[in-house]
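Enquirer: Chains A and B, in that order, are what the protein sequence lines are. The numbers in the first sequence follow numbering that gives the first Met the number 0, run straight up by one, and end at 807. The numbers in the second sequence follow numbering that gives the first Met the number 0, run straight up by one, and end at 56.
Simulated from the structure, these hints should not be mistaken for lab results. One should not assume that every hint holds.
[What the hints assert, rightly or not] To spell it out: a stretch of chain B is covered by chain A in this simulated footprint if at least three of its residues, at any positions, have a beta carbon under 8 Å from a beta carbon of chain A; those stretches are:
no.: 1; segment: 19 to 26
no.: 2; segment: 34 to 42
[Stated by the list, open to error] Label-pair restraints from in silico Cβ distances:
no.: 3; chain 1: A; residue 1: Asp633; chain 2: B; residue 2: Asp31; range: 32 to 42 Å
no.: 4; chain 1: A; residue 1: Asp633; chain 2: B; residue 2: Val14; range: 55 to 65 Å
no.: 5; chain 1: B; residue 1: Val14; chain 2: A; residue 2: Pro274; range: 40 to 50 Å
no.: 6; chain 1: A; residue 1: Gly206; chain 2: B; residue 2: Val14; range: 22 to 32 Å
no.: 7; chain 1: B; residue 1: Gly28; chain 2: A; residue 2: Leu436; range: 34 to 44 Å
no.: 8; chain 1: A; residue 1: Leu83; chain 2: B; residue 2: Asp31; range: 21 to 31 Å
no.: 9; chain 1: B; residue 1: Phe30; chain 2: A; residue 2: Asp633; range: 39 to 49 Å
[Said to hold, decoys possible] Covered stretches of chain A (chain B as the covering partner; in silico rule of three or more C-beta atoms under 8 Å from a C-beta of chain B):
no.: 10; segment: 102 to 113
no.: 11; segment: 126 to 139
no.: 12; segment: 165 to 178
no.: 13; segment: 183 to 192
no.: 14; segment: 210 to 221
Positions of the beta carbon are idealized from the N, C-alpha and C atoms, including for glycine.
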Amino acid sequence: MAVTEAAAPPARTELECAHCGLPVPPALRGDDPAFCCSGCRVAWDVLHESGLARYYDLAERRNLRVEPSGRRFEEFDHPAFQALWVRTRVDGLAETELYLEGVHCASCVWLVERTPLAVPGVASAELDLARGLVQIAWDPGQATLSQAARFLDTLGYRPHPFRGARADRMRRTEDRASLVRIGVAGAIAINVMLAAIAIYSGWGPGGMAPAFTRFFRWVSMIVTLPAMLFPGRPFFRGALSSLRTRVLHMDVPIALALSGAYVHGVVNVLRGSGPVYFDGVATLIFLLLCGRFLQTRAQRAAVDSAELLHSLSPAIARVVEDDVVREVPAEALVPGMVVDVRDGDALACDGVVLEGRSEIDRALLTGESLPQPVSPGDEVFAGTVNRGASLRVRVERAGEDSRMGHILREVERSASRRAPVVRAADSLAGRFVAVVLVLAALTWWRWHFVSANRAFDNTIALMIATCPCALALATPLAITVAIGRAARRGILVKGGDALEALSKPATLVLDKTGTLTEGRIELAEWTGSDAARRWTLALERHSSHPIATGLLAAWPGLDVPPATDVHATTGGGLEGRVEGRHVLVGSPAWVGARARDPRGLGAPGADPTLTPVLVAVDGEVVARAGLGDTLRPDAADTLARLRASGWALRLLSGDSPAVVAAVGTRLGFAPKECRGSASPEDKLAEIEALARSGRVVMVGDGVNDAAAIAAATVGVGVKGGAEACLSAADVFLSRPGLAPLAELVSGAGRTMRAIRVGIAVSILYNVLGVALAFGGVINPLIAAFMMPVSSLTVVLIAWRSRTFDERA
Amino acid sequence: MAVMYILLPVALLVVLAAVVAYVWAARTGQFDDTTTPSIRPLIEDDEAPKDRPQPPR
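Working from the sequences, and respecting the hints, build out all of it.
Expert: Pasting the structure below:
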């Protein structure tokens, strides 16, 4: 149908690919419509043949380029992948969840959910737009998952296996259960309140027939009972376990107040006189459940986004079998296999290099900022990145046995060993509960001399007036609001206790590579002519070494001449012919051995953190570049702000001590506050030692920091960090730079202040209520009215408090 | 006003029906994703393709 209509292309396709919008190479310009590559032609054909041509009319995609990765996703069909991520449904279909990059609008829903049209055998595709998760069901006999994955990829939605699937299903069940509880409690609360309105209005002039009053009271009692038994059960269970473990917490007074008020109401209904508070009981259950639900949701949003980031890390390896390279999931690797590691790929296993010479970037594993050369016979580790040339590596240890696996296990161990943070509000609640119980006993004792009925009424009034509703709300509400606002500022906080631990100054340990520095090589110094720049880039364009990337990024837009006969020497440099000249770019030793240096540019530089690179033209050194892992622009400012607010800062890095000392001095660290060449194990030991004498916060990005991050009181991961570091961290900064760190610390302080104000206000209400109830001034009805007013005040305080916002 | 004795239980039965419907909805995951389903009705149904196309290779 739409094939003919859409084949008349809009004017812009003369230059741009009809599918992805990239420029069309001259050789292919004759076609109509024109494509930049055959992959886009296939995608275009498939879309038209499946009746999906409307894709090209969607307003939302017009200004967006589609970037298919062109991968084959063969590892998605591997048995190991299937065992890990794919479930078989009762109807025989296979089902899995994929995390898609780049879904953002209604058109994406349309397109992704049309996958079954384009890939026969796929039964359904359902997209969760908010999280970018698509649930795909297919018939394993007719289709493969890789076909569906390739289709999604050609549309620009790069699929990744969703690793949080199991935890996600568990949480979904939990969520549904809480929603059911909240709904039931809400329905009961509203209806009991309606009955209560009838009872209260019956007090007015004229009154209500006693028979009706009795009827409404009986109805309220019966309707409230299921609220106590079903939605209210978590409070009673919590109270029981609190008594069993002898740690008083909020659930105890809640359970006491609920059962006290209910039993008292039952007694009064049976006697046919005295007030009843069934409406208060039902409303209390409903509101408390709402508060808890909101709090868990806010904390989960932060955990979720960290989990989706996990799904992005590559989990494939290219296995060489009989000279054929196949993509398999990293989990399927076994010792003895040979893997092909391309330039730029991350290693998925520990192994020994068989063929090839290259350099290995170990920044994430060890914190070394410069790549190290490797040649056949050298050992390489999972989690490091190959820079330079292809390598063939024999797998020695894979998965949990690899060095990375050991570090990950250490991370889990230290995370579970971490002492639970005793929350201020909880310990306060414990004392509060004890005080309330004593006061209630006193009230009863004082009034039982007057009459048993007065004693009971006043004791219940006291219990209701001191209901820790507002107190219970103060902490979770302030934390929920703060976590939500922090997330909008790019700070993902996984739990409220992290905010509490960050609110007061303590020791803060920072990693260097990737945390204080950008984690990539940049040009810092240049001595030489403009012509030398052009010649340098002409050669560096042919390399993917971090030095080359750094140089190329330094001078974008430079008119670079073509180079011929380019030859790379691993650990040395590049040579080639540019504009008729013989050009060398490389390390001083390598260039020095091949060229004269009349101006002494090859002499050691003043800055030990920079790696020198010399450029020689026709046998004479003409330029010198100094490259290094540059500091983040906001690092100095952030550290100054942290020091000013009383934090003790330390630098702990795996890089060489000379570099660490130089960076440390520049950022105002005393020499004894800096430590270099620390292995992951050293970092863990150091943090554990510091944690014994007080709170310690660890900020890092790499796998080498992960164990230390897990062991610290609060672990903070920075943007661009490794997966292990993300999962270990309590707080994750998803905005680049270090400025969010200072924001996090000051925001945490303001959050705790807001909590304390809320607690103070609610206690004020409670003290007032206690005084009035003890004096017999208020009856339970007035007490029941005071209680929601105090809760409302606390809600407003939490809402209005400035915790994480732009003005802060 | 004796009708109250019938009216109130009937009203409660209606509430019970609503609660049962809600519990069913929550348990079958109707509230799991509250964003995407609101978009689906806006998507027009396309004509079914005449021939089943081949998957991308």
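Enquirer: Looking at the structure, which of the earlier hints fail to hold?
Expert: Number 5 - this is the single hint that the structure violates.
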